[in-house]
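Chains as they are written, first to last, in the numbering used here: chain A, 391 to 884; chain B, 391 to 884.
To be clear, the hints were calculated from the coordinates, so they are not data collected in a lab.
Fair warning: there could be bad hints in the mix.
As the list makes no split between identical chains, a pair holds if one copy fits it or if it spans any two.
Below, a list of computed lysine-lysine pairs in the DSS-like style, where the Cα atoms sit at most 25 Å apart [claimed, not checked]:
1) K694 / K758
2) K684 / K492
3) K766 / K466
4) K739 / K805
5) K684 / K766
6) K413 / K606
7) K758 / K701
8) K856 / K805
9) K639 / K413
10) K691 / K486
11) K812 / K694
12) K487 / K682
13) K639 / K486
14) K417 / K639
15) K853 / K639
2 protein chains.
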Amino acid sequence: MKLNVKDMDIATGGPLVAILNGKDAGKLDIHNMDRIKIKKGRKIETVALNITESSKTVPVGSIGVYEEVLDSLKLKNKDKVTINLTRKPLSIEFIKKKLDGKSLSKKEIDQIVWDIVHNKLSAPELTFFVAACYTNLVSISETIMLTRAMARHGDILNLDKYPVIDKHSIGGIPGNRTTMVLVPIIAASGLTIPKTSSRSITSPAGTADTMEVLAKVSFPIKKMKRIIAKTNGCIVWGGSLNLAPADDKIINVEKTLEIDAESQLLASIMAKKYSVSSTHILIDIPIGNGAKVKNKEEALKLKKDFEEIGKKLRKHVKVIITDGSQPIGNGIGPALEARDVLWLLSRDKRRPLDLEKKCVAMAYEIFKMVGIKEGKKKVLKILNSGRAYNKMKEIIRAQQGGIFNPEKIKIGKFKYDVAANKTGIVKRIDNRTISRIARIAGAPLNRGTGIYLYRHVGDKVKKNHKLFTIYSESRQKLEFAKEALKNTNGFVVK
Amino acid sequence: MKLNVKDMDIATGGPLVAILNGKDAGKLDIHNMDRIKIKKGRKIETVALNITESSKTVPVGSIGVYEEVLDSLKLKNKDKVTINLTRKPLSIEFIKKKLDGKSLSKKEIDQIVWDIVHNKLSAPELTFFVAACYTNLVSISETIMLTRAMARHGDILNLDKYPVIDKHSIGGIPGNRTTMVLVPIIAASGLTIPKTSSRSITSPAGTADTMEVLAKVSFPIKKMKRIIAKTNGCIVWGGSLNLAPADDKIINVEKTLEIDAESQLLASIMAKKYSVSSTHILIDIPIGNGAKVKNKEEALKLKKDFEEIGKKLRKHVKVIITDGSQPIGNGIGPALEARDVLWLLSRDKRRPLDLEKKCVAMAYEIFKMVGIKEGKKKVLKILNSGRAYNKMKEIIRAQQGGIFNPEKIKIGKFKYDVAANKTGIVKRIDNRTISRIARIAGAPLNRGTGIYLYRHVGDKVKKNHKLFTIYSESRQKLEFAKEALKNTNGFVVK
């Protein structure tokens with residue numbers, strides 16, 4: 391069948407989709423979600439089909455084409471193409487198999503991941519896969535196959551180094567900006583640490599957002615390699631690279647329902663590590679309110695699974711379970727967290743000691759993993775000698791940044807102090823409330839916006855003394871944040 | 391936030407969706423699949439949001455709006471609207487609950503169905519619900535709640551009659567056009583039978599497609615009521631009515647992966663019966679190759695569940711398990727099946743006796759259910775006296791049709807005879823192959839296209855004698871069908 395291209399002027403954000411008028415679809419006995427081959431000259435692309443009954447959307451004799459298909463076939467409006475009915479992607483059968491609770495083979499998982507990466511699955515089809523993995527037990531061996539497949543169907547950063555260090559903190563704790571302290575410490579010690587981080591989705595700041603206050607974070611993989619060659623490390627945004635791209639598409643679907651399949655969490659983290667060729671990986675599982683992992687039992691199960699997957703992937707994996715019951719560090723929000731990090735590295739008096747303690751312990755664990763003796767002493771020496779700070783400056787420079795001085799970081803000019811309503815001891819700080827207030831004030835999009843904490847759990851406080859300050863770049867958003875304080879400010883003082 | 395409406399010129403086919411540029415979404419901290427309230431004057435509609443990074447799709451300051459939202463708010467291109475972030479539909483939480491394997495309450499199921507009917511769920515969200523029902527056990531009491539909710543959130547046909555008869559044959563068997571024989575028999579007996587039927591999805595003909603050869607099948611519910619008042623029955627297309635509309639949306643998602651959740655099958659059938667106020671329902675479960683129900687064990691389980699649901703809904707339900715191992719009747723395809731039906735009712739010699747036998751048995755079951763004695767004798771009398779044929783003519787007339795004479799039905803003019811390749815007995819006829827050939831030849835869209843069988847299982851056949859004829863309205867499609875015969879013609883002769 392010959393048809394005229396109609397540019398729909400919309401991107402699907404992934405899936406390769408075209409739309410056909412119901413009358414044309416009927417002639418070919420094609421149904422919604424069937425696959426067709428679109429041919430233009432020698433170029434061929436297989437796409438999923440939507441059917442419309444409205445000839446305003448797509449008239450008879452035309453085919454509506456979304457941006458992704460337009461790009462793939464280099465089509466223009468009114469181009470002529472031919473179409474043919476073709477088979478559905480092989481992975482549909484395998485997704486159904488998993489939905490029926492059966493185990494998948496390596497080949498089957500590979501095919502699913504390939505189809506995801508190449509946008510061959512429609513949104514409902516991908517959703518069925520995510521639901522199948524969520525509801526039906528995914529074995530450790532399937533998780534490993536999924537990890538390998540996700541990494542393989544994406545770019546791989548090959549570094550001619552051993553060991554290659556990596557770390558990952560599971561999310562949900564405000565602050566907790568360990569990466570930006572650990573990378574300079576590890577890199578300063580001579581070890582290689584090619585760190586990729588994410589942006590915030592629901593938190594007041596991701597590591598990539600925070601690093602971006604000081605330097606650029608989006609680089610092609612070649613440039614990332616050059617930064618590492620120069621400085622032993624980097625702190626870049628994983629989203630700018632094509633590492634395990636299937637993972638991001640799966641996470642997007644999970645976000646719809648805010649679900650987190652354990653197998654998917656494991657595969658997701660390990661695939662990214664696999665993609666950058668890490669050999670020694672430290673995983674930090676904080677537990678507490680608002681954290682992804684709610685209790686010790688869950689954390690221990692996850693620890694066991696991480697270690698087993700690590701072994702099977704021939705990676706050294708060490709898992710630590712840490713306290714995530716309150717924010718870590720004083721600054722919450724990109725600029726305030728970046729300032730904390732630079733204060734810490736430059737040994738400023740105002741540096742957050744809780745964050746420092748955690749980072750020192752983590753660096754020590756990494757040193758232990760690679761057999762460095764007297765690790766704790768060495769970590770402190772790297773910090774106190776200024777070598778970590780110098781390394782951070784090197785990395786910032788290599789990442790085309792220009793801010794090295796914590797005092798140069800711009801903090802939002804509108805502010806509001808929140809005081810204790812009685813004298814006593816801080817018994818609890820609610821992570822979710824603190825995150826929420828910071829986000830309402832404008833974080834992470836307004837980089838200078840956030841919260842600065844003066845007190846942590848266990849600290850004494852007097853009535854009317856400051857608990858924290860909200861900073862905002864917008865007077866209106868600060869008002870919204872003040873409004874949100876009415877129910878609770880997140881602090882329990884007794 | 392004030393925005394300009396951009397008419398996207400596309401219908402989603404259901405879900406209420408708008409698109410915002412990423413930059414505007416960032417300002418409001420809105421994410422993909424979040425919900426916004428769109429306000430235009432006094433009209434407000436809550437919709438799911440997609441985010442685009444392409445300002446070609448939706449520029450900053452605009453909001454892209456799909457047809458469904460456009461209609462709901464009576465918007466025009468370049469209208470000004472205000473938007474606000476709002477909560478996700480309540481049912482998202484309940485879908486997650488079901489995905490976690492928990493039982494849902496009546497209220498929760500009701501909310502999900504309401505949100506489905508009112509297009510409040512996005513395609514992935516609805517997919518998660520279907521997957522949750524498919525993978526996690528849905529109890530009989532949940533199925534009943536789902537049935538009631540699906541019926542209640544749609545139109546209800548209230549008939550001031552008792553009893554009200556209904557029947558349903560579970561699909562997959564070519565031919566098997568029992569409805570078009572049973573409705574006139576039952577209606578001729580004085581009982582009321584408001585039958586709604588479906589169109590074909592993957593078979594060569596649905597009852598609605600076949601009835602449409604003789605009369606109209608799309609009517610509003612008021613008109614359907616008038617037809618029933620006049621003739622005691624009707625044979626109309628369920629899709630033209632708003633009966634249990636959630637069901638159709640759920641089935642659409644199931645089709646993506648060709649899955650069939652048992653609970654959904656039960657609820658789907660029973661909700662449609664509930665909507666037309668039937669009191670006595672005969673369910674026919676054919677088993678055999680290509681049938682929806684594969685074996686006796688499955689059929690017995692389904693029978694038990696149907697009976698239990700019937701009891702809980704206070705309906706008289708009778709389930710019969712029948713032989714579905716080969717096509718029933720001689721004609722396959724709308725016109726050929728309609729001709730079979732009229733031959734049967736007009737007592738023509740060429741009538742298909744297997745279909746007649748089945749229909750007589752089913753009518754007898756229905757008579758038994760309502761306490762009519764000597765039912766079999768009465769059924770045969772209604773048929774042989776011509777009363778059923780006269781009733782069918784009445785119904786055709788009431789449904790604005792004009793074909794009463796089987797010889798007036800147009801059959802495709804291109805034909806091809808398929809002969810036995812040896813002498814022997816027909817051991818098997820493959821339902822799937824017969825359906826496939828008929829569809830490739832153009833059924834059900836080309837009404838006159840299909841297959842006419844001369845032999846059934848157990849019949850003797852001589853080498854080179856005709857097994858069946860393929861009729862087509864298109865010379866090319868007939869060639870395609872002949873091509874498809876190369877592997878197998880569906881007949882096993884031994």
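Going through the hints against the structure:
In this assembly of identical chains, K694 and K758 lie within 25 Å of each other by CA distance solely inside one copy; the values are 19 Å within and 64 Å between copies. In the homo-oligomer, the alpha carbons of K684 and K492 lie at most 25 Å apart only across protomers (20 Å), although the nearest pairing inside one protomer, at 29 Å, exceeds that limit. When the C-alpha separation of K766 and K466 is checked against a cutoff of 25 Å, the pair qualifies neither within a copy, at 62 Å, nor between copies, at 67 Å. Taking the closest pair of Cα atoms, K739 and K805 come within 25 Å of each other only inside a single copy of the chain (23 Å); across copies the shortest separation is 93 Å, beyond that limit.
For a Cα distance limit of 25 Å, the shortest separation of K684 from K766 qualifies neither inside one copy, at 30 Å, nor across copies, at 67 Å. Within a single copy, K413 and K606 get their C-alpha atoms only as close as 52 Å, which misses the 25 Å cut-off; across copies the closest is 19 Å, which meets it. In this homomeric assembly, K758 and K701 come within 25 Å of each other (Cα to Cα) only inside a single copy, at 18 Å, whereas the closest approach across copies is 68 Å. Within a single copy, K856 and K805 get their C-alpha atoms as close as 13 Å, which meets the 25 Å cut-off; across copies the closest is 90 Å, which misses it.
Within a single copy, K639 and K413 get their C-alpha atoms only as close as 33 Å, which misses the 25 Å cut-off; across copies the closest is 21 Å, which meets it. Taking identical chains as interchangeable, the C-alpha atoms of K691 and K486 lie at most 25 Å apart only when they sit on different chains, with a minimum of 22 Å there against 28 Å within one chain. Proximity of K812 to K694 under the C-alpha cut-off of 25 Å is found in neither arrangement, the shortest distances being 44 Å within a copy and 65 Å between copies. For a Cα distance limit of 25 Å, the shortest separation of K487 from K682 across copies, 18 Å, qualifies, whereas the shortest one inside one copy, 29 Å, does not.
In this assembly of identical chains, K639 and K486 lie within 25 Å of each other by CA distance both inside one copy and across copies; the values are 19 Å within and 20 Å between. In the homo-oligomer, the alpha carbons of K417 and K639 lie at most 25 Å apart only across protomers (24 Å), although the nearest pairing inside one protomer, at 34 Å, exceeds that limit. Taking the closest pair of Cα atoms, K853 and K639 never come within 25 Å of each other, the shortest separation being 49 Å inside a single copy and 58 Å across copies.
When held up to the earlier numbered hints, the structure conflicts with 3, 5, 11 and 15 and fits the remainder.
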